[in-house]
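Protein chains in written order, with our numbering: chain W, 1 to 502; chain X, 503 to 1004; chain G, 1005 to 1506; chain L, 1507 to 2008.
Hints were generated in silico from the structure; no laboratory data involved.
Built from N, CA and C at the ideal position, the CB exists for glycine as well.
Do not rely on the hints blindly, as some may be mistaken.
Take a look, some chain L residues computed to stay more than 10 Å from chain G by CB distance [unchecked claim]:
1) 1544
2) 1685
3) 1718
4) 1740
Straight-line distance between alpha carbons at most 27 Å, and here's what the computed BS3-like set of lysine-lysine pairs gives [said to hold, decoys possible]:
5) 1950/L - 1448/G
6) 1537/L - 1700/L
7) 1250/G - 946/X
8) 1076/G - 1059/G
9) 834/X - 444/W
10) 1950/L - 246/W
Some, not all, of what chain X presents toward chain W, calculated at C-beta under 7 Å [what the hints assert, rightly or not]:
11) 597
12) 612
13) 773
14) 781
15) 847
16) 973
17) 978
18) 996
19) 999
Listed below are the residues making up each chain.
There are 4 protein chains.
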Amino acid sequence: MPGDESKQMLTGPEVLKHNSQDSCWVIVHGKAYDVTDFLPEHPGGQSIILKYAGKDATAAFDPIHPPDTLDKYLPSSKHLGPVAMETVMREDEGVDEEEEARQERIKQMPSLEECYNLLDFEAVARRVMKRTAWAYYSSGADDEITLRENHSAFHKIFFRPRVLVDVTTVSTSTSLLGHPSSVPFYITATALGKLGHPDGEVCLTRAAGTHDVVQMIPTLASCSFDEIVDAATDKQTQWFQLYVNKDRSITRKIVAHAESRGCKGLFITVDAPQLGRREKDMRSKFSDQGSNVQASAGSSVDRTQGAARAISSFIDPALSWKDIEWFKSITKMPIVLKGVQRVDDTLRAAEIGIAGVVLSNHGGRQLDFAPSAIELLAEVMPALRARGLEESFEVYIDGGVRRATDILKALCLGARGVGIGRPFLYAMSSYGVAGVERAIQLLKDEMEMNMRLLGVTRVEDLRPDLLDARGLSARSVGSPVDSLSLGAYDPLVAPGQRVSKL
Amino acid sequence: MPGDESKQMLTGPEVLKHNSQDSCWVIVHGKAYDVTDFLPEHPGGQSIILKYAGKDATAAFDPIHPPDTLDKYLPSSKHLGPVAMETVMREDEGVDEEEEARQERIKQMPSLEECYNLLDFEAVARRVMKRTAWAYYSSGADDEITLRENHSAFHKIFFRPRVLVDVTTVSTSTSLLGHPSSVPFYITATALGKLGHPDGEVCLTRAAGTHDVVQMIPTLASCSFDEIVDAATDKQTQWFQLYVNKDRSITRKIVAHAESRGCKGLFITVDAPQLGRREKDMRSKFSDQGSNVQASAGSSVDRTQGAARAISSFIDPALSWKDIEWFKSITKMPIVLKGVQRVDDTLRAAEIGIAGVVLSNHGGRQLDFAPSAIELLAEVMPALRARGLEESFEVYIDGGVRRATDILKALCLGARGVGIGRPFLYAMSSYGVAGVERAIQLLKDEMEMNMRLLGVTRVEDLRPDLLDARGLSARSVGSPVDSLSLGAYDPLVAPGQRVSKL
Amino acid sequence: MPGDESKQMLTGPEVLKHNSQDSCWVIVHGKAYDVTDFLPEHPGGQSIILKYAGKDATAAFDPIHPPDTLDKYLPSSKHLGPVAMETVMREDEGVDEEEEARQERIKQMPSLEECYNLLDFEAVARRVMKRTAWAYYSSGADDEITLRENHSAFHKIFFRPRVLVDVTTVSTSTSLLGHPSSVPFYITATALGKLGHPDGEVCLTRAAGTHDVVQMIPTLASCSFDEIVDAATDKQTQWFQLYVNKDRSITRKIVAHAESRGCKGLFITVDAPQLGRREKDMRSKFSDQGSNVQASAGSSVDRTQGAARAISSFIDPALSWKDIEWFKSITKMPIVLKGVQRVDDTLRAAEIGIAGVVLSNHGGRQLDFAPSAIELLAEVMPALRARGLEESFEVYIDGGVRRATDILKALCLGARGVGIGRPFLYAMSSYGVAGVERAIQLLKDEMEMNMRLLGVTRVEDLRPDLLDARGLSARSVGSPVDSLSLGAYDPLVAPGQRVSKL
Amino acid sequence: MPGDESKQMLTGPEVLKHNSQDSCWVIVHGKAYDVTDFLPEHPGGQSIILKYAGKDATAAFDPIHPPDTLDKYLPSSKHLGPVAMETVMREDEGVDEEEEARQERIKQMPSLEECYNLLDFEAVARRVMKRTAWAYYSSGADDEITLRENHSAFHKIFFRPRVLVDVTTVSTSTSLLGHPSSVPFYITATALGKLGHPDGEVCLTRAAGTHDVVQMIPTLASCSFDEIVDAATDKQTQWFQLYVNKDRSITRKIVAHAESRGCKGLFITVDAPQLGRREKDMRSKFSDQGSNVQASAGSSVDRTQGAARAISSFIDPALSWKDIEWFKSITKMPIVLKGVQRVDDTLRAAEIGIAGVVLSNHGGRQLDFAPSAIELLAEVMPALRARGLEESFEVYIDGGVRRATDILKALCLGARGVGIGRPFLYAMSSYGVAGVERAIQLLKDEMEMNMRLLGVTRVEDLRPDLLDARGLSARSVGSPVDSLSLGAYDPLVAPGQRVSKL
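Model the full structure from these sequences, guided by the hints.
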């Protein structure tokens, strides 16, 4: 039957027979596939597939794989054809208390209008997202110090606002890699959009279209690249984020395709030779596996590594400076290195004719204690200025941005633009396209207001002189607290309410 | 009937017919007004008026509008005359649980004598004020970082007190803009006094009169300007705070009037080309609107922006340095720029013959991450001294002042006086005039005591030498905490009580 | 009857007739006194006496007044003689819930052996002391910033311990003002010992005798000066702390008496021209007065100022440098200025031939934001060394000392000795003499152990080289926290317990 | 009977007769011993032995004494021979609620696979270990400031990662004291392993063998030295940690034995002339003694000092630099000084031909406020480099290490290797050998991953240039918090859930 063009409709019981490592079939979107030979090659490991051997794997498959995955990677001979889904026994999943509680929280979630800033979406998403999805999006490396430092580093900078400037008309528009944008921020690339919303990354595309915001398309999207490009309007600018494959011919093909579909920039990720250890993600994975884990207690090291590892095994850890010339030879898109974390690496990029860098630590998801981008930016820009490169070479940052004031600080220091990732995922996961649109609108409102209050009417007038950034390089690691003394101290209290005496 | 001098008494049902955008009447203080034509011009938007179309709007009208508003802005032809209020159906507002709980808290509020400092009033006010009023007074921009930094920045300064100085007699008196004052602090301008107390700003005037304290009259007072001036004694000094209108003829008229009524200083607000986003205020507004908000969930961006936006649309964002000469030409009052936030802007003000500046970030209500005034003061004064301007040019600060030590620090650094806003609003909202009087008395007591302990008997002897201000420019943004380690650490505890064994 | 030598026994009803401002008698320790004329002169105000007019005032009188007070200050003509106490109606004080709860806590207090350090006593005392007593001892000025900074400033200093030093024999002995002491710390002067323990300051004297520790006798002791001296052994060293009276003849008499009784040092308090505002103390006072306070709500400023004000009205705010020569003329005791808070004042003291200073801010009870003594010490000693005065002039510090490491840090910086006050009061209040003895023993044990671990065997070898004091002058005032982000962040957690499924 | 070769079986009642100071027998592992004469010499004091006089002391004996203790220290004449254990009355220990609760927690402990990092083991151990054992392992000196600073000091350092480096192959191997090791960390010496696990230190030996990690054998092990060496494989490297005995002949014998059994390094502890005061440990001891403690309340100073003191009385406080030459004369093992805490002491060690030092403060268990090793390292290495000693002289650190990033920071600064103690004890106490193995594996995984993300493939390429260590010497001791203001501030909150109205 396999390979046969005139395929007959398969039944559930037929598929179910192939439920082992020796013969492993799975159903995805109503069609059966023979993945027996593919098992050892599966980037996410074979155990996750075997869990669905003989069964319908659609729900688990979707968020992790773009829809064209099976066509691309599984020989058509393994495509077994449609299954009569009514004959497939639905597993009685029992009562999932966690999911029930989540559904209850979703019913009570606040209206979109009650979200007044990007952090509000995060608070809502934390309550309404599936635990595994939340864990994947929100997690960072190790102790998540860098994850949080990314945000709090912005707090080390204060403004020096000008007054008595005519700010009747304020414009937030700018140009990024030579293309106009309504704002100096963009939606950066993040993986696995369907974990948060069934429509995945195209939600972001649509909201970006509404607001004339640049979107960077991720290699590891849940939607296929083409779906994302198709969802854009003619006037929309999209960039492409690239994880470089060990097999450069695949990379070449992907890059060529992105360029042909109109992408205006190639962002090569350089901070992820291997995807990071994110313990929240790993823990959420673990609990999914239920009681069988218990059996192995004490016996062997569990290799479960969360979603991040499952999807990234193709990435080439050998990628190096030597490869850059080759990239320049295969595309005319401006090339930007995403994830640069040192001054000297930035200068090297500028010197070899790269268009720019994104100073980034991958959202705090890779190396804990990597520096925050905003702090690094304050070191990078003077070095570029000293070499006269601050105009020709574009510097972007991402990580921890939640407020327009964050963006304004980066622009004052010299960034060309600022990438925002998680906040839009949270808006999308909670409220879909409308959520992302409101998130962008709120940020635009904040930005216009705050430029006015800074006494600045155009993006190009944002200068270091408007900042007090002296606090930037200072680390304030609190000394340990003296518990005994803290316990003995009787804190002052304001006058309390009177107790009515009846 | 409208415009008719011999107006007949209107009835509730008659008014109620005009309850739409097409014909919109409202009742205020027992008189009906036709505001149909005025709807599109209402600075606070028309929806808030339509909520009361055909009904009695007095309760909502009062805190936001000085009593002369309707006379000033609505043509007399739209004044429809008295309404027989017994015929107006009172809306059954149902049981307002929140208000009932508040009334209960008011019954149990502590006696005035139990308030020992300015912060005590704040704690009481938080419990007894209406939520919307509290939200309007207490809120700040964005994450309220500057709001709180204003207060905590004072904590970066320590004293270097002198001993063995004869401090039998201590005087806190000084002169502000050439007029004597019993103390070097003043009541600064704050909007919408009737939100906190039905008598509004005149409470502040009366307490200021009792204690010989200068009051700055706000443009956006709930009481009319004349009511506030009338409430003052002959010997009382009042200043006028000005929001500049897009229509300069209105501004000219207001300034001339203030001068004619005896105001001794003109404080032009320069840090508010647009009033800030204050999310607490916005959120409190939102909840007021009840269930109809829900209907629009997911559909459109809600434009509700809290009280601040509603009252400020007349302010001119084009106000600039070029306007200053004009102001000098229209008044003989000394002109002070309120809201200056940079050293160079201060110097510019001094150089063009302005009498002084108030270093201020508008109580943390405008641009988050604007610097605290006390920190800015420490940068401004050396620059003025270097130019020999420290005596002729008066520098004031406001924001975050809660203790006499705060005031003493500012004066040691070189401030002429210190403005205090919210604490007096909280005292007024909780205890009326007596509250404000006690608040001032407490501050005077603290000040006299602390001057004595500093070894200083006169305001003019407060000098930088009495401070250790080395900590001022340091930002201490705590590094992210290591949650796992914090959770694993077993804190030391003092010996516990013995458990009786029976 | 008054003034009559052959006094008859008075009865309760007789005394009770004199219960007003016009004729005010009170009973103290079984004897009646006519205090009518004395009312206006009472340093603590007359209202507190009138509360006991016609009644037995012993319980309120005792902690505040040394036993010889009535003999000293009330003419013998006003001593009315003994009262038949069985005829005095005991006031039914009703059920005092607070006191009952305290008695319950006392029953369950931990054994003395469970206290392992000075902070343990503080934790116990907080639970078992009367609220007013705890409030008086533990309170500080204003926001109690200096109170706590005194302790935490020691945390800014780390050690640089030597190793491979023969530390078989370690000695903590030293000499203070030329007299030997077993340790380089002393019990400093604190007021109103009977608030904490019925025997008052003699508890401290006895424990000091046991351990060969110097005690500084306070002017404001609950015990009389002579009682305290009498309680000492022959070999014990005592110093005398002096509040200077407006009437210098009283001061001269007191000083001469102290010298004649063998005091070895005169410590003149210079940081208290007026006693501080301590709000905890004020609040505790307030609640004592019960419901009648309520009556005055809103009407007038309450002048209740806590215990501190009640006892200190005789102190001369005019005391100045000019007085020092006079002090040198009236005593041969070495004179030390207690409460110096600046480098220049220290140098001035050294230059005019004073024996030493105590760098102190009065335990954080006077001026909030006064510098901690340990921080000041680090500035003072280099200035003294630069003038060659570090040996001849003795510098002491007090405030915030809880650990031997605190003392060692002070000594390394150059202090001759360290005063400790509250911790011994807490030990005394909780466990009496045995408590103070154990507290001293614990501190000695810590000191010997820590000198050994520092690689030092003698007090005179404690040098600045053993410290890393670079952190001292840094102020770390935390930036305001970003509440929204803090609320949205999902902290990492260690693996939880498994939930048993039955 | 005693001393008789043909010993008869003793009975419980016979032994029980010898239950006093006059004649004291105890049973250990089924044999009786007469310890009457030994009582005064017992390093842990006699009271602890008398508690078991006439009874079976095995459970208390085991964790504190290596199995060969009785043979070594008690003359064979005091070995009374076997006891018929069935005749020994088991004490009815009643219901131990604490132990029952602990057993319950053990039943619910998470599976080993749920531990993802070293801190996870600590969190589990805290729940499942006996209180006294946890107290002994986890406690530190005084307020445990250094204990926690050891960990948090690492947080002051951030990385400067390189990108675009080929990191396909990463190796963590290195050589320590000339012997190869799979990793640059080792298991450092810690006392009393059987408190945590019945098998004691051999658990660590076995896991070290599995992973090719060096183990440092402690003088104060629960297992005998030979048991620990015997548990190692042929290829395993072991070092020996030495507490120097007052009787140098014992020390000489021990060192010679260690060398003969193949130890590859002699680590002489120099930071413990006396073992520290650890109050958690002392408190846990106290509560063990139950109600009889109560009897002595108020009467005398309790000398109970926790486990640390009980086991360390033999250590020589006279050990000094003069002894070093002697050590060099008695062994060919490279000698390393463990516990050096100053730059000059490090240089002195280097100059007199010592092989290296361990910068260490004994895990924060000796002198509180001793500097963290990582901070000290940053001062030591430049001094060594300036003298050209950084290669020939090996510097190790220990204290506070929990993450591979901690290790990498130390190596970048110049450490040769990093010692880890408590984390492996916690893993052992919770999960035995498998726990320690997983802990090592996790650390290896982290290390390989993080080297890759740093852009480094070999240990020797870890250089200071990869760090931003500017924050290291800064002390951030938080200023006291303003309680009143904190209480009055109304924190921002994200939109809440909607309340369903039914």
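Hint check:
Every Cβ of chain G is farther than 10 Å from the Cβ of residue 1544/L; the closest lies at roughly 25 Å, confirming the non-interface assignment. The beta carbon of residue 1685/L sits about 26 Å from the closest Cβ of chain G, which is more than 10 Å, so the claim that it is off the interface holds. The claim that residue 1718/L is not at the interface with chain G holds, since no C-beta of that chain comes within 10 Å of its own (minimum 28 Å). Listed as a non-interface residue, residue 1740/L keeps its Cβ farther than 10 Å from every Cβ of chain G; the least gap is roughly 35 Å.
A distance of roughly 46 Å separates the Cα atoms of residue 1950/L and residue 1448/G; the hinted pair therefore is violated under the 27 Å criterion. Restraint check: the Cα-Cα separation between residue 1537/L and residue 1700/L comes to about 20 Å, which is no more than 27 Å; the hinted pair holds. At most 27 Å may separate the alpha-carbon atoms for a hinted pair to count; residue 1250/G and residue 946/X meet this at roughly 25 Å. Simply put, residue 1076/G and residue 1059/G have alpha-carbon atoms about 22 Å apart, close enough for the 27 Å limit, and the pair holds.
In summary, the hint linking residue 834/X to residue 444/W is not supported, as the alpha carbons are separated by about 42 Å, beyond the 27 Å threshold. Between the alpha carbons of residue 1950/L and residue 246/W the distance comes to roughly 25 Å, so the proposed pair stays at or under 27 Å and holds. The closest approach between the C-beta of residue 597/X and any C-beta of chain W is roughly 21 Å, which is over the 7 Å cut-off, so the hint fails. A distance limit of 7 Å between C-beta atoms decides the matter here; for residue 612/X the minimum to chain W is near 4 Å, and the interface restraint holds.
Interface hint status for residue 773/X: upheld, as the beta-carbon distance to the closest one in chain W is roughly 6 Å, under 7 Å. Interface restraint check: residue 781/X against chain W, minimum CB-CB distance 5 Å, threshold 7 Å, status holds. A cut of 7 Å between beta carbons decides the hint on residue 847/X: the least distance to chain W is about 6 Å, and the hint holds. Evaluation of the residue 973/X hint against chain W yields a violated restraint, the C-beta minimum of about 12 Å exceeding 7 Å.
Residue-level restraint check for residue 978/X holds (minimum Cβ-Cβ distance to chain W is 4 Å; threshold 7 Å). Among the interface hints, the one on residue 996/X holds; its C-beta lies about 6 Å from the nearest C-beta in chain W, closer than the 7 Å criterion. About 13 Å separates the beta-carbon of residue 999/X from the nearest beta-carbon of chain W, more than 7 Å, and the hint is not met.
Violated hints for the displayed structure, listed by number in ascending order: 5, 9, 11, 16 and 19.
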